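Undergrad: Construct the entire structure; sequences and hints are all you get.
So the protein lines, in turn, are chains E and F. Here our numbering is used: the first residue of the first sequence is 1, the next is one more, and so on. Here our numbering is used: the first residue of the second sequence is 372, the next is one more, and so on.
It should be emphasised that the hints constitute simulated quantities derived from the structure, not laboratory data. These numbers come from a predicted model, not from an experiment. Note that the Cβ used here is the ideal one computed from N, Cα and C, for glycine as well. It is possible that part of the hints are untrue.
As the list claims (entries may be wrong) - Short, incomplete list of chain E residues facing chain F, as computed with Cβ under 8 angstroms:
#1 Ala244
#2 Gly246
#3 Asn248
#4 Ala251
#5 Leu298
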Amino acid sequence: MAQTTHGVGGVSFDASKRTWPNEINVLLALVLITLVFEVLNRMDGGSFLFNTRANVDAIFNEQRINIILLQVAITGIIALGVTQVIILGGIDLSSGSVVGATAMIAMSFAQTAVVNGNPNPKAIFGDWAMDLPVIVPIAVGLGCGLVAGFINGFLVAFTRIPPFIATLGMMVSARGVAKWWSNGNPISFPTESYASLSNGDLLGSLTFGLLSWPGQNPAVVFVLLAVLLHLVMVYTVYGKRCYAIGSNEDAARMSGINVARHKVLVYSIAGMLAAVAAILLTSKNLTAQAGMGVMYELDAIAMAVIGGVSLAGGRGSIVGTVIGALIFSVIISGFTSIRLDAYYQEMVKGAIIVGAVVLDQWRQRRRAARS
Amino acid sequence: MSDIILKTEGLTKHYGGVHALQDADFELRRGEHVAIMGDNGAGKSTFVRQITGVEQRTAGRIWFDGREVNFAGPIEAREAGIETVFQNLALADDLDVPSNLFLGREKFLLRLGPFSILDRRAMRQATQAALTKTGVKIPNLSNTIRNMSGGQRQCVAIARTATFASKLIIMDEPTAALGVRETAQVEGIIRQIKAHGEPLILISHNMRQVFDLVDRIVVFRRGRIVANLRKDQTTGEEVVAYITGAKTQPELEVVA
Ligand SMILES: Nc1ncnc2c1ncn2[C@@H]1O[C@H](COP(=O)(O)OP(=O)(O)OP(=O)(O)O)[C@@H](O)[C@H]1O
Ligand SMILES: [Mg+2]
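TA: Here it is, written out as structure tokens:
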């Protein structure tokens, strides 16, 4: 609509002057924060993003960028799932623990029988579970995430337990499962095919060798999933229902949306995305530990909220969360780059999470004041 | 087949100890426009929620379009042909106008279960057409409902009922929050509905509006139907007397 029309009350509206999307602000914040860290590093004679060592032939500081990318990818995949849950008007505190449980269970089906000529010292099961095709641990892992997510969704949809409590219960229980699975022992020595899930060159295979990005499969998977989920949220009835339920659950119900069923579906998908993160993480690290993924749920929620997803539900986007994930990881790496003590980093991380929620509250109030 | 489109018998709803609706016997003929009046808390909205399946009644029977019905939810009522503007509007604040108009009955490009791909262009065009047809003016269709005035929201909710073919339209205080011009607009829509011969239940506190628009007035008081009056055989004073309880109709003879 290019023409100017008149609305109720005769207010004129110029369609060419759209309000600019919140995502632009978030993107500007990302650029600004990156610049600040670049400047801080330059003052120290180094660089945040660029290579400054004469003996290395590279434009960028690849080590740092790889760290940022891995963090964005693993936690970001969880954040994609969390985003749709928050848009739905819920919350998922269980994702970090689901990562832990899935890591342990999937890895125990991904082990190889012989390590350096000796039997696998970390073997969980007997020979029957050794050297299985890679699809087995993947299927088992996704199954774990699905079960956890389904239980979350079921509790939220069919009992009157608030999502906060239901997923808190899952957070504690899933961590229990992770510890119980191998009595707290790490599970290591995966098959080569499992190790290549993260360390191979997925982009190379997808583009038939046209492009190549070896060792960056988590980032590739993250981008693919982000694009897929963005399309789903914007162009399918799935996304429409998420936004509808998150902004007015009663209206959604009265409009004939099966709210309970949709909630179960959304939480299940969030659980599966946590499982994808767990599989990529264990494949990257070649080991699974019961403590994997601790606090990831909070990082993921922070990424979403920084990206403009409102904890009140109904508002936010996958694009926002992707940029939010980058901001979050840049801040964490940024503080490492200026050699901020690890304890301070934890405190800063806490402050970022609280700050993001304060920002969300402020946005909500401003919106309420305007309408 | 009779010309009764909707009939209730002994319709009752208790919320715990609150007898919000008690033994409501109600009839609506095809093409007839009926107003429901009554004080705040008289049970008008409760009556609507029982008919439309939003809540499950405590007792009573409902016939719609010639058969007895037991709607398990609002979607069943809507599929049977009852379109409703609820008092609390039932709009999703963070969605734009077309999404709200088609909420729960989207048009699809490709059906893939819960991942069916929306036909956004078709819904937009249909929305435009519906708004033009009903004379509702919304400056920007892509604007979310949250950023609209109360009147604009109301217009969206009303345009929604008028967009889809239906056998019965129910409006619960559709003009409660509207200015003079917007009220006139909604009344225009109601006249269009009358001209199409579609039956309507209008809940309103506005005596002038009721006398302008409907054929019959049913008065609720303390959860009971206390009067059933032909418009041309009653006066505003009489209706007020029934609403306040100053007058009672001992036998509710079927009028009209
Ligand atoms: N969900 C509920 N739980 C308990 N009581 C309720 C509930 N819904 C309505 N009521 C009570 O039932 C009575 C009738 O309410 P209802 O909403 O039908 O009134 P109304 O006639 O529509 O009033 P108004 O003109 O203010 O809209 C009121 O006393 C109300 O408090
Ligand atoms: Mg009411």
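Undergrad: Now tell me, hint by hint, if it's right for this structure.
TA: Each hint, compared with the structure:
Satisfaction of the interface hint for alanine 244 of chain E is found here, the shortest Cβ-Cβ separation to chain F being roughly 4 angstroms, below the 8 angstroms cut-off. For glycine 246 of chain E, the suggested interface contact is upheld, since its CB lies about 7 angstroms from the closest CB of chain F, less than 8 angstroms. Checking asparagine 248 of chain E against chain F: minimum C-beta separation of about 5 angstroms stays under 8 angstroms; hint holds. The closest approach between the C-beta of alanine 251 of chain E and any C-beta of chain F is roughly 4 angstroms, which is under the 8 angstroms cut-off, so the hint is satisfied.
The interface hint given for leucine 298 of chain E is broken, as the beta carbon of that residue sits about 25 angstroms from the closest beta carbon of chain F, more than 8 angstroms.
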